[in-house]
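Since chain U is already given, all that's left is putting chain S on it; use the hints.
Chains as they are written, first to last, in numbering that gives the first Met the number 0: chain U, 0 to 317; chain S, 0 to 103.
Calculated directly from the structure, the hints in this document are not laboratory data.
It cannot be assumed that every hint is accurate.
As the list claims (entries may be wrong) - Below, a sample of chain S positions facing chain U; criterion: calculated Cβ distance under 10 Å: (1) His23; (2) Val26; (3) Gly28; (4) Thr51; (5) Asp75; (6) Glu79; (7) Asp82; (8) Asn84; (9) Thr86; (10) Ala88; (11) Leu92.
Backbone N, C-alpha and C fix where the C-beta goes; we use that ideal spot for every residue, glycine too.
Letter by letter, the chains look like this.
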Amino acid sequence: MSKWSTLLSRSFLESNARERAVGLVDEGTFTEFAGPFDRRTSPHLEVLGEAVEFDDGIVTGVGRIGKTPVFVISQEGRFIGGAVGEVGGAKMVGTIKAAIDFADRIAKDFPNAADEEKPIVAISFETGGVRLHEANAGLLAHAEVMDQFQRARGKVPVISLIGSKVGCFGGMGFVAAATDVVVMSEFGRLGLTGPEVIEQEMGKDEFDSADRALVYRTTGGRHKYVMGDCNFLVEDTVAGFRAQLSELAKLPRSEFEALRRIGSEKLVEKQLEGVALAAELQPKDARDVWVHAGNPDPVSLAMAPVPQFRETVKRLAL
Amino acid sequence: MALNTLEFEVKTPDAAVAVAKPVHFGVVGSGDLEVLMSPLASGGAVKVKVVTPVTGFDALWQRVLEAFVGSAKLRDVSIEINDNNATPAVVTLRLRQALAEAAA
Chain U
0 MSKWSTLLSR SFLESNARER AVGLVDEGTF TEFAGPFDRR TSPHLEVLGE
50 AVEFDDGIVT GVGRIGKTPV FVISQEGRFI GGAVGEVGGA KMVGTIKAAI
100 DFADRIAKDF PNAADEEKPI VAISFETGGV RLHEANAGLL AHAEVMDQFQ
150 RARGKVPVIS LIGSKVGCFG GMGFVAAATD VVVMSEFGRL GLTGPEVIEQ
200 EMGKDEFDSA DRALVYRTTG GRHKYVMGDC NFLVEDTVAG FRAQLSELAK
250 LPRSEFEALR RIGSEKLVEK QLEGVALAAE LQPKDARDVW VHAGNPDPVS
300 LAMAPVPQFR ETVKRLAL
Chain S
0 MALNTLEFEV KTPDAAVAVA KPVHFGVVGS GDLEVLMSPL ASGGAVKVKV
50 VTPVTGFDAL WQRVLEAFVG SAKLRDVSIE INDNNATPAV VTLRLRQALA
100 EAAA
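If we strip away everything but chain U, and leave its shape as in the complex, we get (with noise of 0.2 Å):
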């Protein structure tokens, strides 16, 4: 791997999983959870004739970003595409657990540490959800990580990272959605059914999945962060992508509450609102959303650069 300074500047999107993970906290202080060197490969994988992979594609470990304890999840989309299996699903759920032991034992040892020196969770998602090589167990993994959120919430504050290849979707859209926090790179993709299952299910003048800008710009960050799916839209690399966590690590624990986008009657209620200005709207496109939140020129807005683009867009009020 190439020297944590170096890792830096790299694009976050051509990084691998690992070296998102190790550049994400401080030089030096990541330590892996079940790592290659455990050789915990998929059993079903092996049963199928599939090839396998030492960390099941998740690496998973703690480190720090000053003060705070970062507990890290980072799904590699090489691997089958980043679809999470039962060994891959039990190290996410695993570092989950780790942080709120953790944050249980400082509360009761230390009762007046510091929020930033309490834990959080910091997941980057890669992936297109369930691998179905190994449906059941793979499910019961979804179900398992959204639980132990439950049990974090108010307590350890999970942030979502979006800024890969594969990006997120399937039942690890539900998941991302599910957390406190959005992060994402305009490269990042979030959604629920991805384009290819569409275009599939729709029909190609429902969706054409080969549109790569029709894609992005349905899915991307930059349109997330103007519907709100999205709290925070960073530059693709890695230390844009940190810089953001290191802020978050800052951030008074009492806050992540009112950065959730669903998870109560009031959000819920301000969801349907949504869902009643899009029969209203009854947009064409994604950009139509764009000029009637207040952006008359989303063509241009589209293209500037990320900082000017998050100084000048107007995000879609409901």
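Same frame as chain U, now just chain S:
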């Protein structure tokens, strides 16, 4: 259906290079592989284990590994590979990268 597992030893007469620390390199992407290279006292031999969905190329795997171990003059090393249809050129490249990482 099950995965093809190959295990063999390679011994080079004038082998002198041992790895100092265990290293992991690579991602099991399509046409790619990962390698674990770790020190292993084995009387100068290099122990190889390959797990791959590919069948019918066992002799080729052995030749590629022999060529790599011979040119690097490796001894007392364990090489474990999880492969996903990598070509011989990619196999050699990843092995060299893993070795470079071990030396770094």
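Do the hints match the structure? See the list:
With a cut of 10 Å, the hint placing His23 (chain S) at the interface with chain U holds, because the nearest CB-to-CB distance is about 4 Å. Of the supplied interface hints, the one on Val26 (chain S) holds, with its beta-carbon coming within about 5 Å of a beta-carbon of chain U, less than 10 Å. The beta carbon of Gly28 (chain S) comes within 3 Å of a beta carbon in chain U, closer than 10 Å, and the hint placing it at the interface holds. With a cut of 10 Å, the hint placing Thr51 (chain S) at the interface with chain U holds, because the nearest CB-to-CB distance is about 7 Å.
Interface restraint check for Asp75 (chain S): the shortest CB-CB distance to chain U comes to about 18 Å, outside 10 Å, so the restraint is violated. Of the supplied interface hints, the one on Glu79 (chain S) holds, with its beta-carbon coming within about 8 Å of a beta-carbon of chain U, less than 10 Å. This hint holds: Asp82 (chain S) has a C-beta 7 Å from the nearest C-beta of chain U, less than the 10 Å allowed. At its closest, the beta carbon of Asn84 (chain S) sits 8 Å from a beta carbon of chain U; the interface hint therefore holds under the 10 Å criterion.
Checking Thr86 (chain S) against chain U by beta carbon gives a least distance of about 14 Å; that is not within 10 Å, so the hint is violated. Contact between Ala88 (chain S) and chain U, as hinted, is not supported at the beta carbon level, the nearest pair being about 18 Å apart and thus beyond 10 Å. Nearest Cβ of chain U to the Cβ of Leu92 (chain S): about 16 Å, over the 10 Å cut. The hint is violated.
When each numbered hint is compared with the structure, violations occur for hints 5, 9, 10 and 11.
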